[in-house]
Amino acid sequence: MSGEKMEHVDGSDQNIKEESLTGEVKGRNVIQHVAQEEQGQLLFHEETIDLGGDEFESEENETVSEDSNNFIDKLNEHMMESVIISDSPNNSEDDVGELGCLQDIVEPTEDKSDHNLEQMLDKEEMVTLSNDSETDHDDTPKDISDMTSDSRASLKEELTQEETKDEPMFGNEGTIDSALSDDKTNPEEQMSEISSSQSSKDDAVPVCTIFSQSNQANSQPQLFLHDGFEPQMVKSPSFSSASETSAKTPPQVVQPSPSLSKFFGDTVNTNSLASDFFDSFTTSTFISVSNPNAGTSVPEKLSSLSTPVGESSPDSADPSYSMGIERSESGVSTASLEASQSPKPFSQIQAVFASSDDPFATALNMSEIDRRNDAWLPSEDTRNVLISVATQQYSAVFIDKENLTMPGLKFDNIQGDAVKDLMLRFLGEQAASKRQVLNANSVEQSFVGLKQLINSKNWRAAVDLCGRLLTAHGQGYGKSGLPTSHTTDSLQLWFVRLALLVKLSLFQNAEVEFEPFGNLDQPDLYYEYYPHVYPGRRGSMVPFSMRILHAELQQYLGNPQESLDRLHSMKTICSKILRNLEQGLAEDGSMSNITQENRNASVQLWRSRLGRVMYSMANCLLMMKDYVLAVDAYHSVIKYYPEQEPQLLSGIGRIFLQIGDIKMAEKYFQDVERVSQKLDGLQNKIMVLMNRAFLHLGQNNFAEAHKFFTEILRIEPTNAVANNNAAVCLLYLGKLKDSLRQLEGMVQQDPKHYLHESVLFNLTTMYELESSRSMQKKQSLLEAVAVKEGDSFNTQCLKLG
Amino acid sequence: MRPAAQAQKVMRLTKPTLFTNIPVTCEDRDLPGDLFNQLMKDDPSTVNGAETLMLGEMLTLPQNFGNIFLGETFSSYISVHNDSNQIVKDILVKADLQTSSQRLNLSASNATVAELKSDCCIDDVIHHEVKEIGTHILVCAVSYTTQSGEKMYFRKFFKFQVLKPLDVKTKFYNAETDEVFLEAQIQNITTSPMFMEKVSLEPSMMYNVVELNTVKQAGEGMSTFGSRTYLQPMDTRQYLYCLKPKQEFAEKAGIIKGVTVIGKLDIVWKTNLGERGRLQTSQLQRMAPGYGDVRLSLEAIPDTVNLEEPFHITCKITNCSERTMDLVLEMCNTNSIHWCGVSGRQLGKLNPSSSLYLALTLLSSVQGLQSVSGLRLTDTFLKRTYEYDDIAQVCVVSSTIQVES
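Chains A and B, in that order, are what the protein sequence lines are.
For reference, each letter of the first sequence is one residue, going 1 to 801 in my numbering.
For reference, each letter of the second sequence is one residue, going 1001 to 1405 in my numbering.
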């Protein structure tokens, strides 16, 4: 005998049980009462609040779906959206002129005002529509005067977004005036306008990536899918710089840019230009920066650059060459054509260094550090291929095309400068022309220039430069799927390009270009595959960091499981290498006599690499919100990076705080205090204070949290995190002005460091809360950004729409 | 000259979130050298000394309204800003929350602010524990007087939906004794992980409750849910409770009958950075098994017996009615069950709420699982007969097999 029944949580309040109908009636009564009490002339608004059940149901569903999918729309909606509005006609919250006009019409007779209200109702609904894509057309009359200044502002923004040549203010007034004045057609007109601008907004506004770890559980994977592609779409038609590139508007669709197609066009005729370009920068530069033990590698690299050329190679046994011949039917035409056009200097150098059997060179190549760093364990298949290459040095080895790595640029010209685009839109041409950032043309076309771009945070330009250097190497746009050969430098360039794409949150782009690399285990990615170019050298050309990047990328694309799989296989290989070292073998398991010193160095290197893999796993698990495993993984990271124990324990504490498990968080924070007692120093003291502040935050005690953040600032006045967090606490304490003062002060004090997207996002959010004039303040932030930040700056945080 | 313009803004204050960064590292030998690592070090949102750690320390303000759930606290920042260049007077800001059933005033103070200078603002942070599902409308009204003495008034309405965070299902099991077991399934139907801080059963006055959600392990209580302290979206957890009637009620048999109130579940959860929510279920009710006027329960019975060998059972007979009974016991044989002893014997008078114990002997003539049936009690006062069949089951085995006692 067991009584089974379902109980739904009703909340402790009995009132809920009331029939919805009575609730509604009651609600109306209340409103009516209030309205009468407050102002007699509000009578005709009494019926406005409709809490009808049907409407609610549909809306509820919408809310849920919106929240998980439509992050973009929600971006600007931390401000509560003002929905149903019934106001005093006397109301004059807005400073725009048309309100006066509204009053004039409204006041004379009630009939007329009703009529007007109806029109406004239409209009207001449309505004709502554009604001949050809510589609319920409730019967609620809405009044123009109640448009929140947000919605009005956004309306204004949207209008300016359109390509009209009008002065924004003028256009705005015009539309609203006409909508208000009389005829029926106007609302429709505006409707179309708004909806079009809405759609364009949807296209153009990419997700602000910095807030990716936001609260919604489900939004996470989609989120990354969203922002994977869109930011690069932000393009101004008027982007102009010194290069010819800018002459044409780079379209949103990825395609070869005019500038590079000049060097690498679809037609063979342009190849002459390619050699021009090639010569223009490669002759002087290609300095190996990647290899500290570089003496030998420079010529070697140079020679390798021309390996696909074949003609210059004395023996046709070069595998890549023979392979090129093998597939003459597939695109060998371009390949050979390109080969014939290959720049002279390289062939000459190649001739000089061609005698690669030189034992001296061999000895140099196989240096300790190379072996240690490049070691990797190929898969069984790959190893067989490599063995056959090594044993049949003088006969061609035929390899399936699927087993070869044939990368090429998949898109061009993602560069551009969103900051400048915004300046053009909001500050005018003159202000925009003052914006000076480095671009791919303004630096030396070499690794030195590349580093310069990276360091100055012009990552988009750096991506471009990588593309050019790769184009010079024969792996440019459209070269994907064509035979090529790899060198240490070409892979480093790929790594840098892909890493920067990830840093720019252009995950989809990175994915597309990573694709030809497969699982980074193809035979032609190993030094053994090029016995003549890298005589005696063993191991993988793929930098370890690139493998990490390759694995991590998937989690940003919404496939964290794939990330974990890749990381696990990396972990297996790292562990195997460490085991080999412990057993007195070389990293790859071969017999070798390594000095104890070198062995220790190698163990240290591979332990730290294993630790790095564990770190990525932990991060990935955290993204998957598998907190239990993530915490375990972070614990195991501590084993590899014991010096980071306090930070990692604090991090685990914050994870628990995020889940809401305050007790566990406290336990971890106490562990941190215990651990850091042994250590001295400012940083540890700050960490302890920071943790205490967070704990108070978790207990809803913003005042106390603020105290601790302020305490940190006493010790280290420039601490950006403490500054920002203290300001956030102030807002929750109802001190908007103080909070703003703190953030503004911080940004002014050291704009170079504190123009961080998170800080700016907070600042613009508060500007929006503060007054209807947030636009001006945001624009002045834009000016500050323009002076300090490179083209990689994420302009989304300025919320300039 | 236009009258002074006031801007009123409202922002929901959900807890801030921690900024996460995308770590991209490289090794010294890679092309960028230490550039990537240096860039991450310079980024203020990374953790000093552990830049690869994704979860930073930087707080960011909520970027959208988000969802609000029953039992959570709705907090909101209300800011009234004087956008004009004139002083305005007698400003009154009022925030009301209109639900489907009531209207609540949320403003901390209803006092009028004497004057508001240009570019200054009046701030208020309101809190309200949400107690109703469905449409809520925040009504913000501002009234003030301009310098020219004109009285101004405007209102803004902010509509939001309150959703249900949890799904709770319950199931009761009545034990043969007076104990009741309650199984409660709690499902997280929000979209974010939920830390269950407390799930407890507050029993009604008749019961004592024992929570069966921990296992003793090495002297320490281990949660049956393991180390996972939180519920992922759509995850369900099952809680088990044992309720025992309190002594004073247990003795007075018959009091607990019909529909009884067991108690209610009290659930406290936390989400992002300790955002708290609390709900109670309505009173959980169960239909107590009806025992009629006379309850016959078993105190002792062997589970396995030998074929055709007598065995003993002990019955407890309780008078659940409100009158005294005079009982006669009849024992009727069934196909398999044969009662030993005299049928139709007098058990004597039994007062209300009192019971007597009865040792009986019987044997089974059929192997297998047999049902003990065939007891009849007749109340001679009212000439009413109560039948007791399927009292219990015993396993009857062949006597050649040794039954272990």
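Be aware that a few hints might be false.
What the hints assert, rightly or not - EDC-like, lysine to aspartate or glutamate: derived pairs with alpha carbons at most 20 Å apart:
id	chain 1	residue 1	chain 2	residue 2
1	A	K735	B	D1124
2	A	K788	B	D1043
3	B	K1041	A	D750
Claimed, not checked - One side of the interface only, derived from the structure: several residues of chain B facing chain A at Cβ under 10 Å:
id	residue
4	T1020
5	V1047
6	T1224
7	R1228
To be verified - Derived DEER-like restraints, expressed as beta-carbon distance ranges:
id	chain 1	residue 1	chain 2	residue 2	range
8	B	K1151	A	A784	26 to 34 Å
9	B	I1087	A	P717	33 to 41 Å
10	A	Q683	B	L1212	46 to 54 Å
11	A	E515	B	L1212	52 to 60 Å
For the record, the hints were derived by calculation from the structure and aren't laboratory data.
Keep in mind it's a predicted model, so treat the numbers as computed, not measured.
For each residue, glycine too, the CB sits at the ideal point set by N, CA and C.
Hints and how they fare:
1. A:K735 with B:D1124: 9 Å, holds
2. A:K788 with B:D1043: 14 Å, holds
3. B:K1041 with A:D750: 16 Å, holds
4. T1020: At 3 Å from the nearest chain A Cβ, T1020 (chain B) passes the 10 Å test, so the hint holds.
5. V1047: 5 Å, holds
6. T1224: Violated. Min distance 15 Å.
7. R1228: Where the cut-off is 10 Å and the nearest Cβ of chain A is about 5 Å from R1228 (chain B), the hint holds.
8. B:K1151 with A:A784: 26 to 34 Å: Given range 26 to 34 Å: violated, Cβ gap about 42 Å.
9. B:I1087 with A:P717: 33 to 41 Å: Holds - the Cβ-Cβ distance for I1087 (chain B) and P717 (chain A), about 36 Å, lies within 33 to 41 Å.
10. A:Q683 with B:L1212: 46 to 54 Å: 47 Å, holds
11. A:E515 with B:L1212: 52 to 60 Å: Since the Cβ atoms of E515 (chain A) and L1212 (chain B) sit about 54 Å apart, the hinted range of 52 to 60 Å holds.
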